[in-house]
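Assemble the complex: chain P is given as a structure, and chain L must be docked to it using the hints.
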Amino acid sequence: MGNKQTIFTTQQLDAYQDCTYFTRKEILRLFYRYRDLAPQLVPLDYTSHPDVKLPYELIGSMPELKDNPFRQRIAEVFSEDGEGNMTLDDFLDMFSVLSEMAPRDLKAYYAFKIYDFNNDDFICKSDLEKTLNKLTRNELTEDEVRMVCEKVIDEADLDNDGRLSLEDFQHMIVRAPDFLSTFHIRI
Amino acid sequence: MYVSLCVSVDSASHRRNNRRQGAGRGGAKSRGRGKKPASDEEEDEEEEEDDGPRGRRSRGANKKKPAKKRGDDDEEEGDESEDEGPKRRRGGAGGKGGVKGKKGGKAQQDSDGEEESDDGKGKKGKKGGAKKGGKKEVNDGKGKKGDDKGKEKKEDKDKKKKKKGDSSSDSSDSDGEEEESMSEGEMAKLMEEVEEKKKLIGIIRNKPWRMKKRLTEFKEAQQFVDKFEGALGKGKGRKWYAYKVMMTKVLMGLPYGSIPRKTVPRADQDTAQDYSVLMDVNVRAQSCTKLNSKCKSFFLSLQGYCKYSVLFYGYYNSQRTIGLLKFRLPLSYFMVGIGTFGYSLMVVIRTMAKNADVGGGDGDEGEFTFAWKMFTSWDYLIGNAETADNKYASITTSFKESIVDEQENQKDENIHLRRFLRVLANFLIICSLGGSGYLIYFVVKRSQEFANRTDLSWYEKNELEIIMSLLGLVCPPLFETIAELEDYHPRIALKWQLGRIFALFLGNLYTFLFALFDEVNTKLEEEQSIQNASIWAIKEYYANFSRMINDSEVTPPPMDPADVIRGPCWETAVGIEFVKLTVSDIQVTYLTILIGDFARAVIVRFLNYCWCWDLEAGFPSYGEFDISGNVLGLVFNQGMIWMGAFYAPGLVGINVLRLLSSMYYQCWAVMATNVPHERVFKASKSNNFYMGLLLLILFLSLLPVVYTVMSLPPSFDCGPFSGKTKMYNVIMETIDLDLPAFVGSLFSYAANPGLIIPAVLLMVLAIYYLNSVSEAYKNSNMELKKKMQMARDEEKNRRNNMDSTNQVLKDLEDLLPNRSLAPPAVPPEPGSCSPHTRPGKGVNLQKDVALASPNPNSQRPVNRAPGPRPGLEPGAGRGRGRGPPPT
Chain P
1 MGNKQTIFTT QQLDAYQDCT YFTRKEILRL FYRYRDLAPQ LVPLDYTSHP DVKLPYELIG
61 SMPELKDNPF RQRIAEVFSE DGEGNMTLDD FLDMFSVLSE MAPRDLKAYY AFKIYDFNND
121 DFICKSDLEK TLNKLTRNEL TEDEVRMVCE KVIDEADLDN DGRLSLEDFQ HMIVRAPDFL
181 STFHIRI
Chain L
1 MYVSLCVSVD SASHRRNNRR QGAGRGGAKS RGRGKKPASD EEEDEEEEED DGPRGRRSRG
61 ANKKKPAKKR GDDDEEEGDE SEDEGPKRRR GGAGGKGGVK GKKGGKAQQD SDGEEESDDG
121 KGKKGKKGGA KKGGKKEVND GKGKKGDDKG KEKKEDKDKK KKKKGDSSSD SSDSDGEEEE
181 SMSEGEMAKL MEEVEEKKKL IGIIRNKPWR MKKRLTEFKE AQQFVDKFEG ALGKGKGRKW
241 YAYKVMMTKV LMGLPYGSIP RKTVPRADQD TAQDYSVLMD VNVRAQSCTK LNSKCKSFFL
301 SLQGYCKYSV LFYGYYNSQR TIGLLKFRLP LSYFMVGIGT FGYSLMVVIR TMAKNADVGG
361 GDGDEGEFTF AWKMFTSWDY LIGNAETADN KYASITTSFK ESIVDEQENQ KDENIHLRRF
421 LRVLANFLII CSLGGSGYLI YFVVKRSQEF ANRTDLSWYE KNELEIIMSL LGLVCPPLFE
481 TIAELEDYHP RIALKWQLGR IFALFLGNLY TFLFALFDEV NTKLEEEQSI QNASIWAIKE
541 YYANFSRMIN DSEVTPPPMD PADVIRGPCW ETAVGIEFVK LTVSDIQVTY LTILIGDFAR
601 AVIVRFLNYC WCWDLEAGFP SYGEFDISGN VLGLVFNQGM IWMGAFYAPG LVGINVLRLL
661 SSMYYQCWAV MATNVPHERV FKASKSNNFY MGLLLLILFL SLLPVVYTVM SLPPSFDCGP
721 FSGKTKMYNV IMETIDLDLP AFVGSLFSYA ANPGLIIPAV LLMVLAIYYL NSVSEAYKNS
781 NMELKKKMQM ARDEEKNRRN NMDSTNQVLK DLEDLLPNRS LAPPAVPPEP GSCSPHTRPG
841 KGVNLQKDVA LASPNPNSQR PVNRAPGPRP GLEPGAGRGR GRGPPPT
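Residue numbers (full-length UniProt numbering), protein chains in the order written: chain P, 1 to 187; chain L, 1 to 887.
Do not take every clue at face value.
Covered by chain P, per the in silico footprint, the following chain L stretches (three or more residues, Cβ under 8 Å) [as the list claims (entries may be wrong)]:
1. 210-224
2. 441-450
3. 463-470
As a list, the in silico DSS-like pairs of lysine-lysine whose alpha-carbon atoms are at most 30 Å apart [as the list claims (entries may be wrong)]:
4. 125/P to 207/L
5. 580/L to 107/P
6. 445/L to 107/P
7. 66/P to 227/L
8. 25/P to 107/P
9. 25/P to 227/L
10. 66/P to 207/L
11. 107/P to 391/L
12. 125/P to 400/L
13. 219/L to 107/P
14. 391/L to 66/P
15. 227/L to 445/L
To be clear, the hints were calculated from the coordinates, so they are not data collected in a lab.
Here a beta-carbon is modelled for each residue, glycine too, at the ideal position from N, C-alpha and C.
Next up, chain L with everything else stripped away, as it sits in the complex:
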């Protein structure tokens, strides 16, 4: 047994060497192969490169061979790297026991040494053999076939021995004895190996191997792990992982909005502010379907049942705890409202950070314009002939545009005119922005006047929403027209355009908000008087009651909620405004699609048969799908939801419905009626641009909400915070009543300005520090980039220099009477790339010619460098280059 063991030892070590020899042809870089699985992949790639296509191909070919022997061998070759380690160690452990074994091992080792020297070549030979085995080779320019033949015999021998070793090691694998004799250190090593194997299993799909190789590798690794993992007593990781996953699921659950509906009991509904018995959502829906024709106006005006439904703030009541579990509705309302903002902020920021990470700081836009266009413009997802046609066309135009861009190198013939036009355009746009802001302000003021009247027409009721939607409809195309004046680069123009639309929406939204605040303030004043009135009314009611019954003992039944005098409940009013805005936005969007796209497409499509010009190609044509505009619309919609959600929790639900339906609707519209945008704007490229807009709007929508929460008194008779002076008092109350006393004191300490100001200071300092650090990184990054560029240029210069030197030599040569005296210049080779076997030595004919020619234009592509760099002066270049100065 020992003998067989030792054979296995040596065969293993032999194979290890073999492998090293094979893989490490490039040098020591693959030394650590078995040790560092993390770098495995890179090494593998390197190996792949070393081997070239030959290696890859022949390996594939190897596998393809049906002959069993070869297949075995190949498996081994692939696997040894990881497998031989433990085997050898185990073997070594076993070998300690017997002198005999040692001896045998030594003898074997000698022969191993012999073979080792051959192994490197042996591998090549194998490749050659595989090639000979009938597989097609595309380029077999590196004639090593002769060599290979010679090696093949030896290699065959190798194989036989290996096979023997393999079989013996297999038999010894099953022996249990060795494992007993393992020491602690060996255990640790083995465990390491197991870990490595596991890692390999984890990343095996990342390897650029053929499936067959992967499968065999995988099988080996799996077997190894299965075998030793049980022995080493592992495997509790999985449970822990499952537990973790479960916990995160539990923690991340609880979608916003599900709580109030789940927990508000029916008994709580008849409180002071709910004068009408609350209607269920069902009833509302029924009435809506019944009054089908009136449905729209019903939604638009949102009077009636809706106003007192779960959709709005007013529905939730201020009872501190509900039910057995003491659900604290006001507290959770507050926390959810604020928490939504916090969560959204975090998500947006995280996404942005991730994007920035992936994009690599998306610094140099123009670095790889053509290369990216060449290699990433085809979308492999395209599986439709028409789309493919469009894509071809768009790629062609984009290439043509880039070419034109490249060719017209900054003409700038009339910069004054252009500047004037740009200023004019900006002026016009600011005018229209101001105009739209004023219009909205005017309309809001008017609607406040309307609020006192009752005889309103439909238009007057919904004037504000209609105007805002119309502005959103009219202004963007107007801006686009004005932007034509500016003549920016399309991408920059698009950013300007988006920025302007953003400013328009934002301005409108904020004007709307300020007008709303005016209204809220008037309502708050109004409330004061109503509060007194309602208290008086209740007193009156009770007085009447006792007078009529004439029995002060009986507690009077509560007043019919419908009769209670109620405050204006400004929170609900605000919520209603936002819901109205959202609903009208939905309507306008849908109608625009229906009329602007669908009707247009129908007309263009069918009138085309009987029209004097080609409608499809000519004037109206089909609508384009404006990706960036739609994304911007989504961003704004989201901002509106964020703002309104605190006062109209149901808005979130409405929005979800809207997004779902609009996804399918717009999908249909795009497929049926739109053509792709002429200039495809890469939305992914400016992901962070949109995310930045989202963040900005999140912040801007946070402001008014926080302002109202922190500084306006809540209505006295409606909503979860009624009866408190400020909304955030709900937290104070919880701390005082529900939490132990020391928490309250802790909180009061934490809320102390003495603590908050230093904390803010610290944060500011931290921001400053991090900012400067990132700045420094950016600088060093730039520096490195510059260095790389310099190195590149230098290399280029050197090569060009060499060429030009040669050119000079050639000229001199021509002058000389005897040409044979001077060594001939490097013979120029045909332009194809295959002859360049070595970078740095090969001389490119085209470059040579380009340099020699007097035309500066032909030099341009060679010299282009983004960084500041002296032009190509032969003298300077020569001094820097390593080549010898011309004699």
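So here's chain P without its partners, still in its complex pose:
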């Protein structure tokens, strides 16, 4: 235990281990990944909880995220300030939720957050349009986009309020066969 590394105390590591889906080794690896993004900013000693944040530009340039059309949303959702600037805690949090081990419900919750662009706790037409345009790089015509969005709401909206609440979303997403395999980042 704790033979070489002095970045975290043992308690810290244990706590992280229990709060994420990672092992000690993975946590350390994630820490180094985090640190590699900005070696001059991140200290090698986290025992005193330094208040370090990496700006979104650095987080979004990670190879795991840089091709993801939703990278900005991901960073925003998982960062505490809501602008994509991440502390180590946020960073661990993000990859823990996106790891293979995270349960379906937790993933669904965060997926909802990610697709809810305007943070109003409902996925409404404008959110859907944004999602669709990001997914297809604006290659669909406006009519098509409108139609698809209507279809989505028609399919998944259970309480008929014209937008998807978290329950609607979860009801729909837990039945999706690919959700677990696609909402997953290996690091």
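What follows is chain L alone, placed relative to chain P:
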């Protein structure tokens, strides 16, 4: 001390109330908070929803504040729910002792009561405060700021008191006295609490909280557990768990195939059937590398050393027990052979059951087509720009296709032509299936003729394998071409295609098997004569020996194994056939990749510079990676291994090598030379489809093996069962010789048909019962689904109805001279969703318009319902709706 204790009591209870008030704003649903950790998560989510983004955000903001005070407070708020219970109880226990304490407690309680009423608002106020604390809010439409300001003062007071209480309770926590005074019931409660905490620690990572909150919660829980667990004397669970893990590891170990090689001693090798001294695997490998050029033919023909190696059935000998430990080779050979099937069956079935469970019966395919496409089509694993580009393109096309599908609503203009084409396609495919079956049968027959000749060319030796591989190569594309005629939906078409390829492979395999059985039967006949010959030869040998030595006392040295006349050993022959098949399959696969994909890619890539049209985009382009075909290939390969493993145990090893190498090889090929399939088929969606194929092939490969084991006599001079009339006699023998007598009698009872027939009957009945139960569940499921749909539709109808009522009213209004008489219709709001604060009341302008417009097409998206449902007739809808009938 008592005073401080009581303060802690009350502060704890106060905080508890506070918490309830805060969390339970939605009603009683979070009452049981401290009690039911299982439902904790849901409640939490609910709470989250209640709070809305405001709550979440402000909580985060709260934490963000560097001010220590706030941080403390927040911790408390998060933790109280679990922590206050025991504290209070403990406090209560302590409080029993002193009147003074009670009094103080009462006094405190009064003030608590006061505060309680404020607490709910206080929480809101806190939020407001946090918001004011300089944090950005995206939507602050619900103006409660004014309220909050007013509450903030009170809240501050609260905080101070709380802090006091907290500190005092902390001090009292360290007191040992209270614990002594705990009664049994309290102990139990405390233990419960500890268990809850532990559970919380277990599931804390499942909570959608910020890491900071999680960490603090975790710390609290950890401290609690550490503190009380020692006192309660627990903690042996862990050892037990470790023990269990260890045991399962031990039990699950012993990989198949490791036993014979480990245990067959060298001394046993010179038995009757091993005429040549057995060559080690090393030697074989050496010869193989030396004769590099001949290596392939060596493997293909599999004559020579290989035939007598551990790879095949013939290598294992029939000595009943080996060595000091009395290892029973024949018995274990038999058990492993059969056990492999049993184990595979179990694994496949379990996986299927799990898939079915996860998939939720994957019933309605079309229920969420667009929603799933929207939210699950992006693969977050993609970390490569090129892949991302491909993905974008494929998503776009898939959306476009769905749109087209949706738009062309079942035209079916010429159904007769389509039917005719489908029948024709099926006819063609059946023809080609039959043709391929006949071809294989023909080739097998021919190879039996060849078996009597010695002057065979390479082609003639390996004709069968080559033909089978070629058929596997040519037929699938042919089927695909024919399937174009049918014009099915792509997914259905794919299933048909896979089913047809499956039928082709299966037909080929079974033709091959039947031909093989013919061969086996001829060998069995042949064996009879050889057996006599060999007995005669041994007699002759001994007679010669004694005549030459002229001394009957000396026991003659055993005959040189190379000279013994041997039987044909049909088991090894069967094994060899399977190994040949597998090896040729490997070769064909690899060559196909090398030529069909790699060479093509090279040509396309480099000739493109000097060609008249665009090779990359145009005709040849790059090969596509056919996921489903490859999976099917794997399934078949597995079936072949299952069939062959009994007669060629080494086949398993060969297959492992093949799979490993082919993984890397194909990975390279895919990355370097292939482009993704135009239409990405979701393999995960039809997991059970493939598993079903695997199960079917497992069953079909089980049949011939069981048939041979149960009904064919084993060769007299080769293999672990030589000398027995049937292979399964090895079990009888073990029961008779090694187990106590009563086991034998038990077994004979169990094997009695009188017992087996009722057992089978019972099983059939059980299957019937379970089947009908599942049917009933399915029905009720459907019923519920229908009901849900109905409710949805009704709701929709009602709303639409309201709108249309309004529309009618509006029309009437227009007619009326004085507009002010009638109440104005609900003012339509702009289409964005934010104004809909309440579901059910808001009126959607678009729907309104859609209903009012005479164009039926524009109604379609609103009315779509999978279930049978009357079309939207205003009259019917009106009658059902709750809204008042139009006047």
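- Taking 30 Å as the top limit, are the C-alpha atoms of residue 125/P and residue 207/L close enough? Measuring from Cα to Cα gives roughly 28 Å; hence the hint holds.
- Message: Taking 8 Å as the Cβ threshold, is the statement that the segment 441-450 of chain L is covered by chain P upheld or broken by the three-residue rule?
- Response: violated (count 0)
- Restraint check for residue 227/L with residue 445/L, where alpha carbons must lie at most 30 Å apart: Violated. Residue 227/L to residue 445/L sits at ~80 Å, over the 30 Å cutoff.
- Message: Given the hinted pair residue 580/L and residue 107/P, is their Cα-Cα distance within 30 Å?
- Response: violated (48 Å)
- Item | Hint consistency between residue 219/L and residue 107/P [alpha-carbon to alpha-carbon, up to 30 Å] | Holds. Residue 219/L to residue 107/P sits at ~24 Å (cutoff 30 Å).
- Is it true that the CA of residue 125/P sits at most 30 Å from the CA of residue 400/L? Judged against 30 Å, a Cα distance of about 19 Å means the pair holds.
- Query: Taking only the CA atoms, is the gap from residue 25/P to residue 107/P under or equal to 30 Å?
  - Reply: holds (23 Å)
- Query: Does the alpha-carbon distance linking residue 25/P and residue 227/L stay inside the 30 Å limit?
  - Reply: It holds: about 28 Å lies between the C-alpha atoms, which stays within 30 Å.
- Query: In terms of beta carbon proximity below 8 Å, does the segment 463-470 of chain L have 3 or more residues touching chain P?
  - Reply: violated (count 0)
- Does the alpha-carbon distance linking residue 107/P and residue 391/L stay inside the 30 Å limit? holds (22 Å)
- Item | Proposed proximity, residue 107/P with residue 445/L (alpha carbon, max 30 Å) | violated (59 Å)
- Task: Decide if the proposed pair is consistent with the structure: residue 66/P and residue 207/L, CA atoms, cutoff 30 Å inclusive.
- Result: holds (27 Å)
Going down the numbered hints, you'll see the structure goes against 2, 3, 5, 6, 7, 15, while the others check out.
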